[in-house]
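Colleague: One letter stands for each residue in the lines below.
Number of protein chains: 2
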Amino acid sequence: MMLPMTSITELSEFDRALQIEQVADDCFTAELTSDWAIGNAINGGILMALSATAAARLVPEQPHPLTWSGVFVSPGEPGPITLRPTVLRKGRGISSVEVVARQAGAERFRALLSMADLANSAEPVRKTLLAPPIAPFEECTRGRVSLNNTGLLNRMDTRIDPATAGWAAGNPSGEGEIRAWMRLADGREPDPVSLLLFLDAMPPVAFDLGSHGWVPTVEFTGHVRAVPAPGALQSRIHTTLATGGLLNEDCEIWDSTGRLVAQSRQLCSARYRD
Amino acid sequence: MMLPMTSITELSEFDRALQIEQVADDCFTAELTSDWAIGNAINGGILMALSATAAARLVPEQPHPLTWSGVFVSPGEPGPITLRPTVLRKGRGISSVEVVARQAGAERFRALLSMADLANSAEPVRKTLLAPPIAPFEECTRGRVSLNNTGLLNRMDTRIDPATAGWAAGNPSGEGEIRAWMRLADGREPDPVSLLLFLDAMPPVAFDLGSHGWVPTVEFTGHVRAVPAPGALQSRIHTTLATGGLLNEDCEIWDSTGRLVAQSRQLCSARYRD
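Residue numbers (our numbering), protein chains in the order written: chain A, 1435 to 1708; chain B, 1435 to 1708.
Hints in this document: simulated from the structure, not taken from any laboratory.
We put the CB at the ideal spot given by N, CA and C, even for glycine.
Any given hint might turn out to be false.
With beta-carbon atoms standing in for the labels, derived distance ranges [what the hints assert, rightly or not]: (1) 1539(A) <-> 1456(B): 46 to 56 Å; (2) 1607(B) <-> 1513(A): 36 to 46 Å; (3) 1690(A) <-> 1455(B): 33 to 43 Å; (4) 1513(A) <-> 1508(B): 51 to 61 Å; (5) 1513(B) <-> 1559(A): 38 to 48 Å; (6) 1520(A) <-> 1553(B): 52 to 62 Å; (7) 1513(A) <-> 1588(B): 36 to 46 Å.
Selected chain B positions facing chain A (Cβ under 10 Å, derived; list incomplete) [claimed, not checked]: (8) 1492; (9) 1503; (10) 1507; (11) 1512; (12) 1559.
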């Protein structure tokens, strides 16, 4: 159900973007706007968050996107989009849902989600990767990129550790790692669905290897493992294999208490000057 | 097309398992056997390899499974299985294919594959994770597990580094890491499709955290990034986040020349005694 406009304007930017309207048992519509565009496409993270929102309507006792795997078939554009979720398996703890998204007659992306209630699996912590060192929030810098459309960057407050920001000044380190603090610019606190957005909202790690321009995602898989505490998130992206025009970009996100709450790996295409 | 029986018996065990018969433009059948079972289900790796084989028939110029992401909807059993691939996007370099597998009236798994020709993206190597230290092949030990059905284990020649094999003697290290050499028992050399099998054929890393019994996969994503050289593969599995009854299992595989050729992450359920 769309909220009346008076309520919508009181919502955060992120919650407004996630407004979906149910038009059939298995069909939802939403409106994509250039607010969430980056370069010539709508950011994949907001599309992932939208699909998780649609999937959750079908399995309301499992509201969180434990895993999201998908392929981006064509770039999303501003305008209406249709999301068709299908429950593949309804489990007691975890359900599997496929979501197919179409826009203007073309498939945009297709994803397989595992839905769960994260409150049931966050404790005890038997093993965890700890957050790497990062400069204090105030000492970190806003990354700048040259793109046609930077709607997404205005929605995010991303502060990059100066130790990993050389690429923004034309001096990529070649290490293939960027660390940053992240939060939504309007102060909206993180939740499990927004972690899908954060997992795909860092500058491309390929930039730290000397790549420029558009870095399209071939495949993306993210795991959301806990409900994040309020406050700024700490994020790290890095690559473990960059060969030819392809590289994996791995992302980890820790919440303000230092808990690892989400991680992802995407395979990207990249172009290099050399 | 099924090969006549005289030819089949000359094939390796792995190639025999991957025999598929085309019964319609978008439909293939194969026969699952207990040779590839582990516990009460057919190993996910052989199912992934089968789906990649079916996908490749639709995009023959892109024969390799660059990425494989999927959910296992119900456990595979010995008997015929139907594989339905659909091309979502036909690209010049990379195509996206969905494969839905059904058996005995039930969906078994659903996967999204990116198909490519790996010869086009293996060079140059800009960044790579190096293989960790491992004991020489001759000093590594065959892992033993107590299960009803160990067909898979007889197809694989897996030699575990004694430094990470304590769990097999009842002394899990708690580190959540296992390193091993792997090859097919009948000497069949590795290729890109078989890397999908190897990515899912290690003993569960949960065993090194004190877990016992069945460790079902919630979601699996693997990347195959290069054609492996002949010879034994070096594999490492490890976890970066084990909380409650869930953990991620990350796997990397290096070929005999030390090249990182494949990596994967799966989210698993596990049970612990404590």
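Colleague: What hints, given by number in increasing order, does this structure fail?
Modeller: Going through the list in order, the structure violates hints 1, 2, 3, 4, 6, 7, 8 and 11 and respects the others.
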